[in-house]
Amino acid sequence: MSTAMILEQLAGGMVKSISIFCWTLLFSLPLGLLIAFGRMSKVKIFGRFRIVRGITKLYIDVMRGTPLMLQLMVVFYGPFYLWGANIGGFRYVAIILAFSINYAAYFAEIYRSGIESMPKGQYEAAEVLGYTKTQTFLHIILPQVIKRVLPAITNEMVTLVKDTSLAFSLAYMEMFTIAKQIAAKETTFVPFVVAAIFYFIFNWLVSAGMTKVEEKLNYYR
Amino acid sequence: MKKKIMAAVLVTVMAASVLTGCGSKGGDKTFTVGFDAEYPPYGYMDDNGEYTGFDLELAEKVCEMEGWTLEKKPIDWNSKDMELESGAIDCIWNGFTVDGREDDYTWSQPYVDNSQVIVVAEDSGISTLADLAGKTVGVQAASAALTLLQEDQAELAGTFAGLQEFADYNSAFVELQAGSVDAVAMDVGVANYQIKTRGEGYTILPEVLNSEKYAVGFKKGNTELCDIVDADLTKLAEDGTIAELAEKYDIADLICIGK
Amino acid sequence: MDILRMEHIKKSFDGLEVLKDISLSVKEGEVLAIIGPSGSGKSTIMRCAVMLETIDGGEIEYVGGKAAWTDDAGVVHYADNASLKEIRRDYGMVFQNFHLFPHYSVLKNVMDAPIRVQKRDRAEVEKEARVLLDKMGLADKADAYPYQLSGGQQQRVSIARALAMNPKILFFDEPTSALDPELTGDILRVIKDLAAEHMTMVIVTHEMNFARNVADHIIFMEHGVIVSEGTPEEVFDAGNARLQEFLGRYEAD
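Chains as they are written, first to last, in my numbering: chain D, 1 to 221; chain G, 1 to 259; chain B, 1 to 253.
The following block holds chain D by itself, in its conformation from the complex (with noise of 0.2 Å):
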């Protein structure tokens, strides 16, 4: 195979990687700060037990404490040997969920640590000054914390591009799955070479974006 057709075929395989990726965050990131308020909920049951809390300390637990392998194959299977579903069509829609829920578990975390950071002067001085809760929660305290889990965030965003490789479990064709292919076809390792340098070029444009809005909120303190 010619270097311009194995560059073609890791390219063509690296806007898969991207599109995980993009898809991954799109979901992950919102679901991620629904799972932090559950995570900090103080609704109860029997006037005891923090119920939602429970839940989603439980659903953390297991997303971060299982390997993102085991659960792209999960939810892609889960379904036939459940309820015999046809999963035929299901392939990329179940990697982009089972990416979107177990980052948005991490994200939760990164999210609760940044909230609960928040001096609480900044709630009693919204209140006073009659915000609601739903108005200090979007214009005071998010705007801030978002400066402040970033940092957190772009790591684990860094990660997420090199996670995608994981979908290689459920054969998708992103750019991992086809180097192995090209690799195996051409009995040489140039191909994961190349996919190396492809993967280190994307986190490198991720983590300079992440910069510059890091540096976009560097005008306060």
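Heads up, some of the hints might be wrong.
Cut-off 27 Å, straight-line C-alpha distance, at most; resulting in silico cross-link-like pairs (BS3-like, lysine-lysine) [as the list claims (entries may be wrong)]:
1) K147(D) to K216(D)
2) K120(D) to K119(B)
3) K108(B) to K133(D)
4) K108(B) to K216(D)
Because the hints were derived from the structure by calculation, they are not lab data.
Chain D is already provided as a structure; the job is to place chains G and B on it using the hints.
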């Protein structure tokens, strides 16, 4: 402006990924063949980035006869059973060894007479299976060769210093070259392809570990589909198509169908 | 006319009674100073007044309506949310640690609540905000961010922020305690100016001389009860032994 361009690119990428995800439906019946795209010469990516190989071309011929649309579905070999059982693929057609798995699938007639062989470095001084005593032997995870060494040839394997499982043949050959394994067990067709592509320096031991058959594996009980494919294979053997393909992929001496 | 009336307020934290039956009232245009040692409950009574703490007993009534009351069974009821929202418009608060919104410019800190909470016209609010900042001597800091200001400047912004809501009564919770001594003068002058304009105010403070100077009425609290109250002359010259001891200790600090 830069942001808008970025956004446009992202949206395009995401939209394209969705469309390609759903766009592969066409024809009356789709015949989805699951294969390991890291298994030349039976199934692999060719110079143009297309999936090809002896097994895939044979599947293509069957589809032509039946008027089906062939969908070549690369799978992760470790997940092959889940893919098949869940219906994500119709069959496993990819140098798929019958021996040891007779009762696990509904099988077509065998079409390749394969043997499991041992590849060693030419200068290793190993020339018989007995020479492997005290040596480390590499074998692909979840492969027929591994099953063989754990069951029928367990006695031989007992003389080895150890069995080293690996994920793909590249790693195996690098280990062989580096001396961290002394020999690698694999299918003869794969061995021929690897040695041909890698050039001099390796040899196949004349003593084989066993002789076994390749066939197409269907989900247990799916005799309806199996019978159609089976009948077509017979026809393709009779009209010489199989022999022609075998010639092309350099496995003519292995063909057992129609003989 | 009473702007605020608090009757028989009780409050405990984890079984520890910090307010034992406190009653007070503030008339329109009056300046009330609350003094007392740490742990006397003086900040807690203020936090109860602005509803950052809930009371365990008693009654709170603003000029705009009753905020909380206790029924015959001893259960405290707060007004419904809509009424509380109305009542909150009556008062503003200045915190010890300012609690400015760090991500907003000085001008936006002052303008945001009137626009977002009171839904007032932006142009009109901005005009008023600039007048307020000018009055606080911060006209040139409108576009600065809180972190760029000194503590005294930040506290003046927070006063402007509270005033922008046009409250009927303004609470100050130890407004100078977090400031360097040389910066307290600015804040005290601002409060004095407001008093001269007949702004109704409640000030929890350690600044005895200031309290004496600016207040119309003084409450001295200790251990959750009012030990002494009256005009500055009445309180400071009354010869109350506990108060004298407190003042003596305070001046010795």
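(message) Between the alpha carbons of K147(D) and K216(D), is the straight-line distance 27 Å or under?
(response) 10 Å, holds
(request) Measure nothing beyond the straight line between the CA atoms of K120(D) and K119(B); if it is 27 Å or shorter, mark the hint as holding. (result) Holds, because 25 Å separates the two Cα atoms, which is no more than 27 Å.
(message) Check whether the Cα positions of K108(B) and K133(D) lie no farther apart than 27 Å.
(response) OK: K108(B) and K133(D) at ~19 Å, within 27 Å.
(request) Measure nothing beyond the straight line between the CA atoms of K108(B) and K216(D); if it is 27 Å or shorter, mark the hint as holding. (result) 18 Å, holds
Checked against the numbered hints given earlier, this structure breaks none of them.
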